[in-house]
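Now for the letters of each chain:
There are 2 protein chains.
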Amino acid sequence: MITVLAGGVGAAKFLQGLVKIVDPSEVTVIVNTGDDVELHGLYISPDVDTVTYTLAGLADEARGWGLRDETWECLAALKRLGHETWFNLGDRDMGLHIHRTQRLRDGATLSEVAAEVASALGVGCRILPMSDQRVETRIKTRDGDLGFQEYLVKRGAGDPVQAIDFAGIEDARPADGVTSAIEEAQGIVIAPSNPLISIGPILAVKGIREALAGCKAPVVAVSPIVGGKAIKGPAADMMQALGLEVSAYQVAELYRDFLDAFILDYADADSLERVRGLGIKAIATDTIMKALPQKMALARSALRALGVESK
Amino acid sequence: MITVLAGGVGAAKFLQGLVKIVDPSEVTVIVNTGDDVELHGLYISPDVDTVTYTLAGLADEARGWGLRDETWECLAALKRLGHETWFNLGDRDMGLHIHRTQRLRDGATLSEVAAEVASALGVGCRILPMSDQRVETRIKTRDGDLGFQEYLVKRGAGDPVQAIDFAGIEDARPADGVTSAIEEAQGIVIAPSNPLISIGPILAVKGIREALAGCKAPVVAVSPIVGGKAIKGPAADMMQALGLEVSAYQVAELYRDFLDAFILDYADADSLERVRGLGIKAIATDTIMKALPQKMALARSALRALGVESK
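Here the protein sequences come in this chain order: A and B.
Just so you know, the numbering used here puts 298 at position 298 of the first sequence, and the rest follows in order with no gaps.
Just so you know, the numbering used here puts 56 at position 56 of the second sequence, and the rest follows in order with no gaps.
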């Protein structure tokens, strides 16, 4: 079994490649829920949905979020009724949020809902939210504390970040199956996701970082930073604002207590020795996943680093 | 001020005519909420919405429910996630239900939401749900108790009706403004709606029937039964099943304790004397509202019966 820690789009692309070279039923994905947000009274899990939609073959990959061939009538109606609509929600996507919200109010857990939805949409992997408790990534800025989606989508990630806080993290426990998916894995992959606000919240849930450090299986991470820039999203700006070096090396350094191997891009090949200096096996390859062949090749590199055979 | 007691489609058509001949701001509509239903975790008020959408000029009048030019993607997504979808909800309609559900959970009342929505959609009348408490019309059949929408939409009104019950009616109070709208009206109209399950629940809310019987203003009803048949919906079958005569006269008889005047169709002109025998002024006219001129003419007949001047 391969266990993958995942944020949104970057992780989803990597997983598309992975499920082509290992049986999807052998893959467990532990997904960040720090980005979750309640809007219009609906509970929205952007990273869980991005991973699910992408693996179901329904995602709009060109746009980078949401479903292909969406319509937007429901949101237009909400706008007419006075709602803020800075967070785009298509009509079919809205169906999922209505479903999740109803199930949660009926007492289901986030992980039960994630499993049901994955099954209904034909996703063969196991998708586990990191926790069934509410953890909320808050971005501290000069204008005060912002919810993550408010920071990212509403304000375009334009506010200098002073600090990142995971509200609720003290009371969050790993969702059922998360710890065992780490302890029983043959290999673990940290997907190429933002280390601060995608992987960071997962690692901050009590017990998960310790499980990674203590598990028998090797752990490999794929760098989301290439040539000093983030492939997507605000990772680079955030790292800089928090006084971190914006580099692949820095990502490896953030994970050094549990990392066995690190995959960085050829563009950062001059950092290989520096990563190895952390006692981490370092591999350079092409990490830009434009289409399925690159996604599969990157997944293959990760499995090779883990010493796991692939199809 | 004119106050109208209303169910769904028949009442909405009558109101379209009425607001053309009196200033909409002079019209208060008290709407049945016994048909309300919770589906997909969303609170749906079919009669309030039909009246609101119709007066906003947004209703699909040819189809007889919902909005014009709707799309159906959200419901399709819910179906894929395993939801029953016998109650059609379009994407824009869904926006309203999401809005109402959020507002109710935030502590707003049904009547506050109805007023906000009417205002947002540009409706000039005051729209008042009969009560802010939950009243649920239940249809007793051989197969057990059915919710009204389940009886009507899911099962096509095919079950013989043994009894009608308004669950929660003992604890329901008229919504703010309902009693004063009756007491202070210049005239009151009972719209051509089902007397048992559209007007019936309104009359069953504690104090409303008494207010109608005791008010100074004249009360006129328009018959929804023409030539022994309901213009729309299951009124005729229901009346028959409950041992009532299926006739315009029977409708007048159900309202006799508060009715001053009754408008029936030319087709039922032979019942004029019988209605007058109840001590009720009876008027025959054309009550079939195909287009705006007939709607306006019927509203004008009602105002004339009330002794109220129109534009």
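Just to be clear, a hint being listed does not mean it is correct.
Here are the simulated DSSO-like pairs of lysine-lysine, each with C-alpha atoms no more than 30 angstroms apart in a straight line [as the list claims (entries may be wrong)]:
| # | chain 1 | residue 1 | chain 2 | residue 2 |
| --- | --- | --- | --- | --- |
| 1 | B | Lys229 | B | Lys20 |
| 2 | B | Lys290 | B | Lys232 |
| 3 | A | Lys229 | A | Lys281 |
| 4 | B | Lys232 | A | Lys79 |
| 5 | A | Lys20 | B | Lys290 |
| 6 | A | Lys20 | A | Lys281 |
| 7 | B | Lys281 | B | Lys154 |
| 8 | B | Lys216 | A | Lys79 |
| 9 | A | Lys206 | A | Lys140 |
What the hints contain is simulated information worked out from the structure, not anything from laboratory work.
Evaluated hints:
{"no.": "1", "hint": "B:Lys229 x B:Lys20", "verdict": "28 angstroms, holds"}
{"no.": "2", "hint": "B:Lys290 x B:Lys232", "verdict": "13 angstroms, holds"}
{"no.": "3", "hint": "A:Lys229 x A:Lys281", "verdict": "22 angstroms, holds"}
{"no.": "4", "hint": "B:Lys232 x A:Lys79", "verdict": "33 angstroms, violated"}
{"no.": "5", "hint": "A:Lys20 x B:Lys290", "verdict": "61 angstroms, violated"}
{"no.": "6", "hint": "A:Lys20 x A:Lys281", "verdict": "25 angstroms, holds"}
{"no.": "7", "hint": "B:Lys281 x B:Lys154", "verdict": "40 angstroms, violated"}
{"no.": "8", "hint": "B:Lys216 x A:Lys79", "verdict": "43 angstroms, violated"}
{"no.": "9", "hint": "A:Lys206 x A:Lys140", "verdict": "22 angstroms, holds"}
Consistency with the previously given hints fails for numbers 4, 5, 7, 8, ordered from lowest to highest.
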